[in-house]
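A.B. asks: Put together the whole structure using the sequences plus the hints.
Going line by line, the protein sequences match chains A and B.
According to my numbering, the stretch in the first sequence is residues 1 to 348, in order.
According to my numbering, the stretch in the second sequence is residues 1001 to 1348, in order.
Please keep in mind that the hints were generated in silico from the structure rather than gathered at the bench.
Note that CB positions come from ideal geometry on N, CA and C, so glycine has one too.
Among the hints, erroneous ones may be present.
BS3-like mimics (lysine-lysine), calculated; alpha carbons at most 30 Å apart, straight line [stated by the list, open to error]:
(1) A/Lys6 - A/Lys74
(2) A/Lys278 - B/Lys1226
(3) A/Lys278 - A/Lys340
(4) B/Lys1278 - A/Lys19
(5) B/Lys1019 - A/Lys19
(6) B/Lys1278 - A/Lys226
Simulated restraints on C-beta separations [unchecked claim]:
(7) B/Glu1292 - A/Arg28: 53 to 59 Å
(8) A/Arg297 - B/Ser1345: 49 to 55 Å
(9) A/Arg304 - B/Arg1299: 44 to 50 Å
2 protein chains.
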Amino acid sequence: MIPTIKWEGSHILMIDQRKLPAKVSWYRCRTYRDVIGAIKKMVIRGAPAIGIAAAMGLSLGASSIRAGNFVSFKKRFDNIAGEMLLARPTAVNLRWAVDRMRAVLETSAKSPVIAIKEALRNESESILTEDIEINHRIGINGAAIIPDEAAILTHCNAGSLATGGYGTALGVIRAGHEMGKKIKVFADETRPWLQGLRLTAFELIEEGIPVTVIVDSAAGSLMRRKMIDIVITGADRIASNGDTANKIGTYSLAVLARENNVPFYVAAPLSTIDMSVKDGDRIPVEERGSDEICIIRGRHLGPRDVPACNPAFDITPARYLSGIITEKGVILPPFKGTIKKAFSSQQA
Amino acid sequence: MIPTIKWEGSHILMIDQRKLPAKVSWYRCRTYRDVIGAIKKMVIRGAPAIGIAAAMGLSLGASSIRAGNFVSFKKRFDNIAGEMLLARPTAVNLRWAVDRMRAVLETSAKSPVIAIKEALRNESESILTEDIEINHRIGINGAAIIPDEAAILTHCNAGSLATGGYGTALGVIRAGHEMGKKIKVFADETRPWLQGLRLTAFELIEEGIPVTVIVDSAAGSLMRRKMIDIVITGADRIASNGDTANKIGTYSLAVLARENNVPFYVAAPLSTIDMSVKDGDRIPVEERGSDEICIIRGRHLGPRDVPACNPAFDITPARYLSGIITEKGVILPPFKGTIKKAFSSQQA
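C.D. replies: See below:
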């Protein structure tokens, strides 16, 4: 499996996901601003991967700070963190990662600057390593609920490329496959960026898991025709009541799954749950430009001046979710109580 | 408005809809087989337009028959009609048009061959002219149910280009606009062929009706956010119980509309209703090739060997429909009785 993101000396390298699978090329970040640009331009995407990139980007930014004392170091660091937080608004993992890096900084107040820089770099590496471990646990927890023979529908890419490795929704699929379950996957192509056709199909073919691509609007019809046993997607932010922000189209899948009695699960690390947000309508949904929809492979395919409305995410109310697959187990409804419990069992 | 299809001497010219809106070019059919090819390759598409093309194609085929008597003329004509019927399976308008042409042939049994050919040509012209008239009536009937200020969601292209002119779903929108209603349209881009982005947006911009394109998977979220007042689509075939075959994705829209209390209407001529088919599960749904999804502007965007499942249509059960807008008025549920009544009032 290609690593999504890695250190190379003092630089950060990311697989350029805009070019996959046609071209495997590395996007080199020399400064934290390169990292912010990469997140904005979707060189790297996927909530956990964005969190990891932000942590590594903060470490990169911190490494270039010239400061004689903690106070001035911290001031500069906070500015970088502030910029980083603006890269993309919806995935909460970005803020979560920034908070973890900040906490390391706070506990290093008495260390020399060089030691702080090292602690930050170590923390970014821990976040990456832990994410992969967490995904394996999500995989094992989720695989338990997959039937021994299952047609699984997934949306966008919640795979290795959306995380440090292994994936959330695709981690569940991988783990089920590794356990010997007979799994076949239907992958929504996922307009406008085609993460399903380009990334999910690519990962699953590499893994030897049967995959068939469909246009996003075919998913409902396949459910009605009883061709889908279970739907599993990732998440970009989950409110404390279970309402879930994820790639545009997820809400529709959830409604269609409910209508057709197909279980609908979200797979995500606890770091995707934002306990500070009461419900989904308080999650900021990023609106991206018209060109992502209207310009395909460099050419306007519609009328040149037609506007597009391009929300990158939507909100799925918690009532449509059969469960949230996390590293702590599968959180079941009613979510208000169970989500809180998952966090407290983590602290225990 | 550009005509969708027309006679030019003994040839048939069609706007090549695969190239719109970037290029307005005419596709010339010299033989009936050219017409069949054009329908298969989607040079022309849309249920009513396919019916018109089939009728004109039959006339073209008939014009080249060399036969000394009615029996041998009819035998050759029946072969051509049989080939024509296989061009595309879902839209019933094709069969309806072939049946009308056959009926003309039957009543011409005593005429000389040259007169039969003329009668067939006249019938094909009548079918075209009537279709435009019918669309105007559909427009007026449908406009009556559109609020004075409305955001209308439509899918695929049920416009002038899908018909002889004016359109069914877009005919309703046009008529509402002409009556002075404040209409804005959200057009699903409609993968894989992008009829929404390429054709619907093109027609509406020409008409001066505000249009915004969205990816297909965003429609549900927009409904949830109360941005859509009414959904109107066309139809490729309606069973006698009201179950409706239309462009893939229509079923999902209907379910999402129901879930969000948004009225969902189908606009179609009575010729789209197939009284010989009891319910939607008996309507043949065309499955098209993987390449339509995976190859975009000449290049495989996913892994080269990934299969796709590409049903061109889906079935929306009648229970999701608020009504069927026809030239005879808006047919309301329960459809079993009301559809039959619409036909009998036609014969009266």
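A.B. asks: Check each numbered hint against the structure and report the violated ones by number, ascending.
C.D. replies: 4, 7, 9
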